[in-house]
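**Q** Sequence order for the protein chains is A and B. So the first sequence is numbered by the numbering used here: it starts at 1 and just counts up by one. So the second sequence is numbered by the numbering used here: it starts at 1 and just counts up by one.
Worth flagging that the hints you see were computed from the coordinates, not collected in a lab. Note that this is a predicted model, so its numbers are computed, not measured. Be aware that one or more of the hints could be misleading.
List time: in silico DSSO-like cross-link candidates among lysine-lysine, alpha-carbon distance up to 30 Å [as the list claims (entries may be wrong)]:
1. 153(A) with 11(B)
2. 167(A) with 185(B)
3. 167(A) with 107(A)
4. 153(A) with 8(A)
5. 185(B) with 8(A)
6. 274(A) with 167(A)
7. 347(A) with 8(A)
8. 167(A) with 130(A)
9. 130(A) with 185(B)
Far from chain A, by Cβ distances over 10 Å, these chain B residues were calculated [as the list claims (entries may be wrong)]:
10. 36
11. 37
12. 47
13. 58
14. 96
15. 181
16. 187
17. 196
18. 197
19. 205
20. 230
Sample of chain A residues facing chain B (criterion: CB under 10 Å; computed from the structure) [what the hints assert, rightly or not]:
21. 14
22. 15
23. 47
24. 83
25. 150
26. 153
We put the beta carbon where it would ideally sit given N, CA and C, even for glycine.
What follows is the residue order along each chain.
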Amino acid sequence: MATLVIEKLSKNFGPIEVLRDIDLELASGEMLVIVGASGCGKSTLLRLVAGLEEPTRGRIILDGRDVTPLDPSVRDIAMVFQNYALYPHMSVFDNMAYGLRIRGLAKPEIQRRVQEAATLLGLEPLLARKPRQLSGGQRQRVAMGRAIVREPKLFLFDEPLSNLDAKLRVSMRAEIRRLQRRLGVTSLYVTHDQVEAMTLGDRLLVMHRGVPVQLATPMEVFDRPADAYVAGFIGTPAMNLLDATLTAGGTAARLAGGALLPFADGRRPGEEGKNIIVGIRPEHVRIEAGGMPLAIDLVEPLGSETVLLGRLADETMLSVKVHGAWAGGERTEIVIPSASLHVFEGKSGLRLDPAR
Amino acid sequence: MERRTIFAGWKLPMLLVAPQLVLTFVFFYWPALVAAYESLTRTDAFGIHVTFVGLANFRSLFADPLYRAAILRTVGFCAAVTALALGLGMVLAVAADRELRGRDLYRVLMIWPYAVAPAVSAVLWILLLNPQIGFVGRFLVTHGIRWDYALNGNQAMLMVVLASAWKQVSYNFIFVLAGLQSIPKAVIEAARMDGARGWYRFRTVVLPLLSPTLFFLIVVDLVYAAFDTFGTIWAMTEGGPAQATQTLVVKVYNDGVVNLDLGSSSAQSVVLMVGVVALTALQFRFLGRRSGA
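Model the full assembly from the supplied sequences, consistent with the hints where possible.
**A** Encoded structure:
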């Protein structure tokens, strides 16, 4: 159990700035998920914390101690790698015991800890096997076990589920969450999968091009995305982002096609004609006679719901999620409810809240 | 992905493999068969009468203390060359397997000695070590060391070991480097996170993962030292002084070509051939096991 504080952490690779001024604070036992598209710097951030890369600037403080200059071997951090990185020449038992032997633990203690982790992860029958004799899910468990037995101050997960098939990923996700809760170890978890991010994290850090864009609870990120990038990144199918302009007085948005969308929660600052982006999640769009006409190009049935991909009168793409199967034709009419509208600034993409 | 080309009939395929088969036959099977036959014969001093003597050549060979000494010498020579070449190759490969300024240049320079012809490398070493004209040799002599490989057998042995190993270091370097680079980086990083440092990490993670490469190299180095060092040794010492650097291959040449004892020389060749076959079989078995794993 430990806290993690990251101060003004930056990393350059040559002239390329990969991370800029990351500030982060993790409470003891908290699980923070870092999410972003590939190349956003999230893995680099994790590797900096691990000590596998050296930061250009900034400090990493683990449990009150500045670990920035320390070698990874003495940081007391365990990491689960994307491709598991098990020692191929060692048995499952030895894979887990390796770090304990280095720490000079007594044999019975090593035996006890490995046994305990194996029981926890259902690995007992596999302890004598080599990694190559294991399935992907089993290797994943061994990698987890290797981290758990160390009883480290901090867990790092580097996209640990991305090499598993979809079904296994869902069950391992739940398992990781359960384990982390039970062990109460402070954790940083990196992923590009927003479903993983939403379900696993106490809090999310959304990153974009080396810069943290939003740090909040999953539901807050979903309900009040900090900018248009986060809005489009979190949620499936992605939020519809429509170009629009502000009307006089900031009371409504005028879509490129001419439709007027009044704001339900108050006026937005800015002069008339200011470029804005309005966002509406596909599940919030209502099918309703008398609304805007939508030409449906593609119907994607997902079982309990169906996604319609269509075009508005002015060719703007719009997706709609409806419950059940789609029985309608190739044209329909939709309404965008004001209460579900997200408004972002056109230029910066930042969230535009009502003026007070 | 496997691509197969199927030829109709047998004439074209035969034609295509014929050059290789002819070369193999003319330069390997034929001489090998002649050697095997000659090892069972004795030729008189004038080369007129050839008598079939059965295994007499082999019997006298293994009864000969000089031959037994040559076997021991060759074993020692091979062990020394292999240890030196593999050890140095490994040290250099480990040094090259990290972020270095001018890494590519360094690697190219490391690989060059492999391209130097054995006789040329021998001459280079002579130019360094000759007690009269050699840079290092003269340095040793002027500093009170009685360095003369033409008189001192141990010094001669040291020199041929050095020269032979030097040529093979490149080969070992390339393979160990490739072996090191095929170890997933994440595994090393995992070991770092687990707390393993320096030599301990190398011994418990890197070395075991490198062992297939190292085993392969040991066999290759032994074969090289036993059979491919003739050019180097002959150009430097001709097996001397007083047979101090006469390995089995050098002895085959000396006895057969220089002293014209064709029967004994052929018998020695056959013994060597058996040695090569044994080493190759060992290697094949091992490589087969690895690819099957």
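**Q** Taking the hints in turn, state whether each one holds.
**A** Here is how each hint holds up against the structure:
{"no.": "1", "hint": "153(A) with 11(B)", "result": "72 Å, violated"}
{"no.": "2", "hint": "167(A) with 185(B)", "result": "28 Å, holds"}
{"no.": "3", "hint": "167(A) with 107(A)", "result": "38 Å, violated"}
{"no.": "4", "hint": "153(A) with 8(A)", "result": "22 Å, holds"}
{"no.": "5", "hint": "185(B) with 8(A)", "result": "28 Å, holds"}
{"no.": "6", "hint": "274(A) with 167(A)", "result": "46 Å, violated"}
{"no.": "7", "hint": "347(A) with 8(A)", "result": "26 Å, holds"}
{"no.": "8", "hint": "167(A) with 130(A)", "result": "24 Å, holds"}
{"no.": "9", "hint": "130(A) with 185(B)", "result": "19 Å, holds"}
{"no.": "10", "hint": "36", "result": "43 Å, holds"}
{"no.": "11", "hint": "37", "result": "49 Å, holds"}
{"no.": "12", "hint": "47", "result": "59 Å, holds"}
{"no.": "13", "hint": "58", "result": "44 Å, holds"}
{"no.": "14", "hint": "96", "result": "21 Å, holds"}
{"no.": "15", "hint": "181", "result": "16 Å, holds"}
{"no.": "16", "hint": "187", "result": "5 Å, violated"}
{"no.": "17", "hint": "196", "result": "6 Å, violated"}
{"no.": "18", "hint": "197", "result": "5 Å, violated"}
{"no.": "19", "hint": "205", "result": "6 Å, violated"}
{"no.": "20", "hint": "230", "result": "38 Å, holds"}
{"no.": "21", "hint": "14", "result": "12 Å, violated"}
{"no.": "22", "hint": "15", "result": "17 Å, violated"}
{"no.": "23", "hint": "47", "result": "8 Å, holds"}
{"no.": "24", "hint": "83", "result": "6 Å, holds"}
{"no.": "25", "hint": "150", "result": "7 Å, holds"}
{"no.": "26", "hint": "153", "result": "12 Å, violated"}
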